[in-house]
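Visitor: Using the sequences plus the hints, can you model the full thing?
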Amino acid sequence: MPEQARGDAPSIRIQVCGPLVVDRAGRRVDDRLPGRQGRLLCGYLVLNRHRYVPRGELIDAIWPARPPGNVDSGLSALLSKIRQVLGTSSVDGRATLRLRLVDPWVDLEVAREAVHRAESSVAAGDWVRAWAPSQVALFAAERGLLAGEEGEETFDWLVDERRRLAETRLRALEAYGSSCLGIGGSELAAACRAGRSLVEVEPFRESGYRLLMRALAAQGNLAEALLVYDRLRRTLREELGVSPSPVTQTLFAELNS
Numbered sequence: 002m003p004e005q006a007r008g009d010a011p012s013i014r015i016q017v018c019g020p021l022v023v024d025r026a027g028r029r030v031d032d033r034l035p036g037r038q039g040r041l042l043c044g045y046l047v048l049n050r051h052r053y054v055p056r057g058e059l060i061d062a063i064w065p066a067r068p069p070g071n072v073d074s075g076l077s078a079l080l081s082k083i084r085q086v087l088g089t090s091s092v093d094g095r096a097t098l099r100l101r102l103v104d105p106w107v108d109l110e111v112a113r114e115a116v117h118r119a120e121s122s123v124a125a126g127d128w129v130r131a132w133a134p135s136q137v138a139l140f141a142a143e144r145g146l147l148a149g150e151e152g153e154e155t156f157d158w159l160v161d162e163r164r165r166l167a168e169t170r171l172r173a174l175e176a177y178g179s180s181c182l183g184i185g186g187s188e189l190a191a192a193c194r195a196g197r198s199l200v201e202v203e204p205f206r207e208s209g210y211r212l213l214m215r216a217l218a219a220q221g222n223l224a225e226a227l228l229v230y231d232r233l234r235r236t237l238r239e240e241l242g243v244s245p246s247p248v249t250q251t252l253f254a255e256l257n258s
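Under the working numbering, the first residue of the sequence shown carries the number 2, and numbering increases by one thereafter.
It is worth saying that the hints were derived from the structure and are not from the lab.
Even glycine gets a Cβ: it sits at the ideal position worked out from N, Cα and C.
Worth double-checking, as some hints may not be accurate.
[What the hints assert, rightly or not] Distance windows between CB atoms, simulated:
| # | residue 1 | residue 2 | range |
| --- | --- | --- | --- |
| 1 | Q250 | A96 | 35 to 45 angstroms |
| 2 | A124 | E225 | 24 to 34 angstroms |
| 3 | V160 | R50 | 12 to 22 angstroms |
| 4 | D127 | D73 | 24 to 34 angstroms |
| 5 | V111 | R235 | 33 to 43 angstroms |
Guide: Structure, rendered in structure tokens:
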């Protein structure tokens, strides 16, 4: 089925980070989706909108444990409602289906593109250019994915997507902390906060410790920076029986010299 002509297509903005929000032509329409199953199906189609999805995969995604007896009719009813909400040509196909929207704005896609730009700028040492996109990605990722859709059933795809979003959050947090450290001055406090968050969330991720050590040292808190290294050293020794990496040990030696 051909896509709608660009000039005729309503602008669509979709938020999947946090609770599902669908805005069509300036009006919020997600309240017209048929309950939790409608929101989950809409979210799944959005997350997989760049490929055709078999009907069986959609059924397994929405009813992982106890599909209804008339499951195919139930799926068709949900798809029909989604077409009413997003547009008659918004879902293409029959045996396999794909969400077809003209230039939609999807917050998760924006966040992934933003963290990539932030990391590229950090790698180039362009701290100012990295600062804004790292926050764009961080603000989206911190909302979680399809919040409020938890229930008795376990949705493996939702668990996997949330894990990927959590990794995006860590990458954004690291890029944000690095940009703040590079900018210096009043941004050093934010770099410290980012480093502490990384250490708390991922206690075996050495890059978070290094960020925190550098930020504390830049603030003049050298002793505290050295204590951060000691915490890492003890954590790795007690939990894994290993020592910090050569990169981290080199940083410690530089700060301790």
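Visitor: Run every hint past the structure and note whether it holds.
Guide: Okay, the hints, checked on the actual structure:
1. Q250 <-> A96: 35 to 45 angstroms: 57 angstroms, violated
2. A124 <-> E225: 24 to 34 angstroms: 28 angstroms, holds
3. V160 <-> R50: 12 to 22 angstroms: 20 angstroms, holds
4. D127 <-> D73: 24 to 34 angstroms: 53 angstroms, violated
5. V111 <-> R235: 33 to 43 angstroms: The hinted range 33 to 43 angstroms holds for V111 and R235, with Cβ atoms some 40 angstroms apart.
Checked against the numbered hints above, the structure violates hints 1 and 4; every other hint is satisfied.
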